[in-house]
Amino acid sequence: MGPDEKGLAFFEIALNPDFALVARDETGRVLGLAGFKTRDGSFAGGNMSDLARVYGWFGAIWRALVLSVLERELKPGVFQMDGIFVAAEARGKGVGTALLNAIKCEARNHNMSEVQLDVIDTNPRARSLYEREGFLPLGQEKTGPLKYLFNFSSATKMSWVVGPD
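The sequence shown begins at 2 in our numbering and counts up one residue at a time.
Since the hints were derived computationally from the structure, they do not count as laboratory data. As the structure is a computational prediction, the values presented were derived from the model and not from experiment. A couple of the hints might just be wrong.
Unchecked claim - Listed below are the simulated DSS-like cross-link pairs for lysine-lysine, each with C-alpha atoms no more than 27 Å apart in a straight line: (1) Lys105 to Lys148; (2) Lys105 to Lys94; (3) Lys76 to Lys143; (4) Lys158 to Lys94; (5) Lys105 to Lys76; (6) Lys76 to Lys158; (7) Lys7 to Lys148; (8) Lys158 to Lys143; (9) Lys148 to Lys158.
The task is simple: from the sequences and hints, build the whole structure.
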């Protein structure tokens with residue numbers, strides 16, 4: 002989404018905190034975040050006019066085309082995880098697991114039947130976490146020549162079925 006300053010400006014417009022769960026330490030510092038998408042909205046939003054406001058129309062058009070490759074159709078009953086991150090200093094301390102459990106609870110609270118997420122091939126630690134937490138692979142999509150732009154070759158869609166508490 003570069004250059005960095007423009008990417009940050011776009012994210013300020015496009016990210017909706019109403020669709021994110023945040024893990025903080027006792028001082029309030031953010032340790033991690035999990036975004037999600039429902040029929041009501043998504044953490045990672047933004048539209049063509051938002052892109053154009055930051056990048057101009059030419060920059061907006063080509064970025065929208067590239068980003069459209071990453072867009073996922075939202076099926077009824079599916080709670081789509083829309084990104085997760087854990088601060089480097091908090092990794093390996095259970096923050097990711099806590100965020101995944103919070104996502105599962107949120108899905109249950111929204112009466113969803115399934116949580117889905119995509120994990121890229123360059124993040125095997127995340128995939129291991131998802132598998133430990135009961136997510137199963139549904140399929141894989143390759144990025145083709147866009148792998149040079151995205152810095153990953155494929156993404157695996159994974160699913161966790163919402164059961165009783």
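Cross-check of the supplied hints:
1. Lys105 to Lys148: violated, 30 Å
2. Lys105 to Lys94: holds, 19 Å
3. Lys76 to Lys143: Holds, at roughly 21 Å.
4. Lys158 to Lys94: holds, 25 Å
5. Lys105 to Lys76: holds, 17 Å
6. Lys76 to Lys158: holds, 13 Å
7. Lys7 to Lys148: This hinted pair holds, its Cα atoms lying about 22 Å apart.
8. Lys158 to Lys143: holds, 11 Å
9. Lys148 to Lys158: holds, 17 Å
Hint 1 alone, counting from the list given before, is not met by this structure.
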